[in-house]
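As they're listed, the protein sequences go chains A and B. Using our numbering, read the first sequence as starting at 1 and increasing by one per residue. Using our numbering, read the second sequence as starting at 1001 and increasing by one per residue.
Think of the hints as simulated: they come from the structure by calculation, not from any bench. Computed from a prediction, not measured in an experiment: that's the story for all the values here. Do not rely on the hints blindly, as some may be mistaken.
As the list claims (entries may be wrong) - Per the computed footprint, the stretches of chain A lying under chain B, defined by three or more beta-carbons under 8 angstroms from a beta-carbon of chain B, are:
#, segment
1, 3 to 14
2, 21 to 27
3, 40 to 54
4, 57 to 64
5, 96 to 107
6, 133 to 145
As the list claims (entries may be wrong) - Cross-link-like lysine to any residue pairs, in silico, SDA-like; alpha carbons within 20 angstroms at most:
#, chain 1, residue 1, chain 2, residue 2
7, B, K1063, B, N1079
8, B, K1083, A, M131
9, B, K1063, A, M131
10, B, K1062, A, M131
11, B, K1083, A, L124
Each residue gets a CB set at the ideal place from its N, CA and C atoms; glycine is no exception.
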Amino acid sequence: MTIDWIHFTPWLSLGGGILLGLASAAFILVNGRILGISGILGGLLVPRLGDIGWRIAFLLGMAAAPFVSGLLLPSGYLEAPRIEAGYIAIAVAGLLVGFGTRYGSGCTSGHGVCGLSRLSPRSLVSTLTFMGLGFLVVYVMRHAF
Amino acid sequence: MQHRISEFLIGLLFGLGLILSGMTDPGKVIGFLDIFGAWDPSLALVMAGAIAVGFFAFAFAKKRTVNFLGGTLHLPKSNQIDKPLVIGAVLFGAGWGLAGFCPGPGLVSMASGQVKGVLFVVFMVIGMQLFEMFNRRVSKPK
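Looking at chain A on its own, in the form it has when it is part of the complex (with noise of 0.2 angstroms):
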């Protein structure tokens, strides 16, 4: 193993993270919602009067995050995003998240922040899950051929 020195962002991520912990308990706490992503849009395709709207405004929220952080952040202070991934690849990618995030009941922001943040065994589960077949596509995309 060696390591992408030039890519690695200790205190960026660092930071990121504590914002996305600050976010997931502020929801839990204040709204009394777990903030798993998955979730909150696939309870739109299913619509239950009085579940839609606290749906809507968090994802407009997140929406709004990339207006929001190109006012607040001095242009080029992060990596423009690199997407390798080709059109098919990103088709077919979007619906095995879509299918398996709803079976699964959960996503990297459910089961792998608030779920691993209050223990539960279910989410450790999931979350080794997901990232195990993570290491094992990349591995095979990258090195197996």
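Here the structure of chain A is known, so what remains is to put chain B in place on it, guided by the hints.
This is chain B only, laid out in the frame that chain A set:
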């Protein structure tokens, strides 16, 4: 209204966290997942930072019955480690490794106008809709 404002602001804070941490950069995610190549450990610090804060918040939340705005505190009750949990995580992990997007960063990427972010979210929503159709078939009484 108080609720809607707080939900919006928390969504914004979460989105900013994703952007700052590097989660919205699929190259960074894949760099983290590539332990046999040039490994970028950044995302381990994202998890560490988030859980360090979340741990105390959820410990506190478990002792409460209502949220700060006076409503219900919705904590998950299920404890069962079952097939859907594992199969779902397998499918999700495969998709995550394939493109480097998970749901939150996909949405933020779409909002920032990335064409591939839009494409990812469109297919993610289709995947979620397929799950709803599958779920209705499976849970239909025989």
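The hints, checked one at a time:
1. 3 to 14: With 9 residues in contact (Cβ-Cβ under 8 angstroms with chain B), the coverage given for the segment 3 to 14 of chain A holds.
2. 21 to 27: holds (count 7)
3. 40 to 54: holds (count 6)
4. 57 to 64: holds (count 8)
5. 96 to 107: Check passed, 11 qualifying residues.
6. 133 to 145: Since three or more residues must qualify, the claim that chain B covers the segment 133 to 145 of chain A holds, with 10 doing so at under 8 angstroms.
7. B:K1063 - B:N1079: OK: K1063 (chain B) and N1079 (chain B) at ~18 angstroms, within 20 angstroms.
8. B:K1083 - A:M131: Holds, at roughly 17 angstroms.
9. B:K1063 - A:M131: Not satisfied, since the Cα-Cα distance of roughly 31 angstroms exceeds 20 angstroms.
10. B:K1062 - A:M131: violated (27 angstroms)
11. B:K1083 - A:L124: With a Cα-Cα distance of about 14 angstroms, the restraint between K1083 (chain B) and L124 (chain A) holds, given a limit of 20 angstroms.
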